[in-house]
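**Student:** Sequence:
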Amino acid sequence: MGQAPVWGQCGGSGWTGPTTCVSGSTCVYSNEWYSQCIPGTQTTTITTSKTTTKSTTAATTTKTTTTKTTTTSTAPIAASFILAGDSTVTNDKGWGGAFCSLVSSVTCTNFAHSGTTTVTFKSLGDWSKLITAVKTAPKPCYVLIQFGHNDQKVLSQSEFQTNLQNMGTEIKGISGAVPVFITSLSRRGFGGGKVSDSLEAWMVYTRSAASAIGAQYIELLQTSIGYLNGIGETAAHKMDYENGDSTHLNSCGAGVFARMVGDLLVRKPVVAQGSIKVDSTMTGKIDAKQAIC
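Per our numbering, the very first residue in the sequence shown carries number -4; after that it's consecutive.
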């Protein structure tokens, strides 16, 4: 059957393809349905839960038990991070600058540009500058790519996916460079006490772009929605950049979602824990859906 390539699928429920990876990479469990060949040998431990339901005809009750299984996986320590995205990733209104403060003694450069789409980020020259930086950055270099907020206003979803795939493919063509797609940060508009999600379709196409080229992604949209719903509307708006701006972030909000991005990268795992500074207090509050700002 052969071996799966680096970043290729190597396991998961119903998977019938190769379950071993080419030399230099290891098959890493992501979830029940997907495992992926990850380069490097840094060890990361993740814990998953499996729920089993048992029924018996001799009784009228059903017993459900949850068993925690610890799986040891590998992920490399990043040597550099480079960020691409719209205003929700910028240093002044997004999570990008705060994220760069979380990385552990490695280079982090943010090319995010307010108002851009996957088209204008290239046409305005930001992409060519990013590519130049990636080529000279210490390796492995992780290129975090988050778009969607502006794309949904002017592009079809298929165009959006194609543009992401082209970006990711170009990054993969640079030795030691690793594209990582990030689904969009949620807006903080509420209706009926819950976040009004206008970005779900773009989340799906971001995932599809990653799958199409064998790249990794992290799920920021659903994770941020879950957190915002947990803390509630009043606390959520305390992260607004200014009164009435429920898209962009003030400094406290930037810190919260930068922490979320860092934790998602480690837990996937995309990078080893040694790549990101630990803040167990903030991580614990985010996991418990407690307000921080």
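It is worth saying that the hints were derived from the structure and are not from the lab.
Please note that a few of the clues may not be correct.
As the list claims (entries may be wrong) - Computed list of lysine-lysine pairs in PhoX-like fashion (alpha-carbon distance at most 20 Å, straight line): (1) 148 with 124; (2) 167 with 134; (3) 189 with 117; (4) 233 with 189; (5) 272 with 233; (6) 233 with 167; (7) 284 with 189; (8) 189 with 124; (9) 134 with 124; (10) 130 with 189; (11) 134 with 233.
What the hints assert, rightly or not - Label pairs and their calculated CB-CB ranges: (12) 133 with 18: 43 to 53 Å; (13) 11 with 74: 33 to 43 Å; (14) 199 with 169: 25 to 35 Å; (15) -2 with 279: 20 to 30 Å; (16) 274 with 245: 35 to 45 Å; (17) -3 with 246: 32 to 42 Å; (18) 240 with 119: 21 to 31 Å.
Positions of the beta carbon are idealized from the N, C-alpha and C atoms, including for glycine.
**Student:** If you test the structure against every hint from before, which numbers come out violated?
**Tutor:** 1, 3, 5, 6, 8, 10, 11, 12, 15, 16, 17
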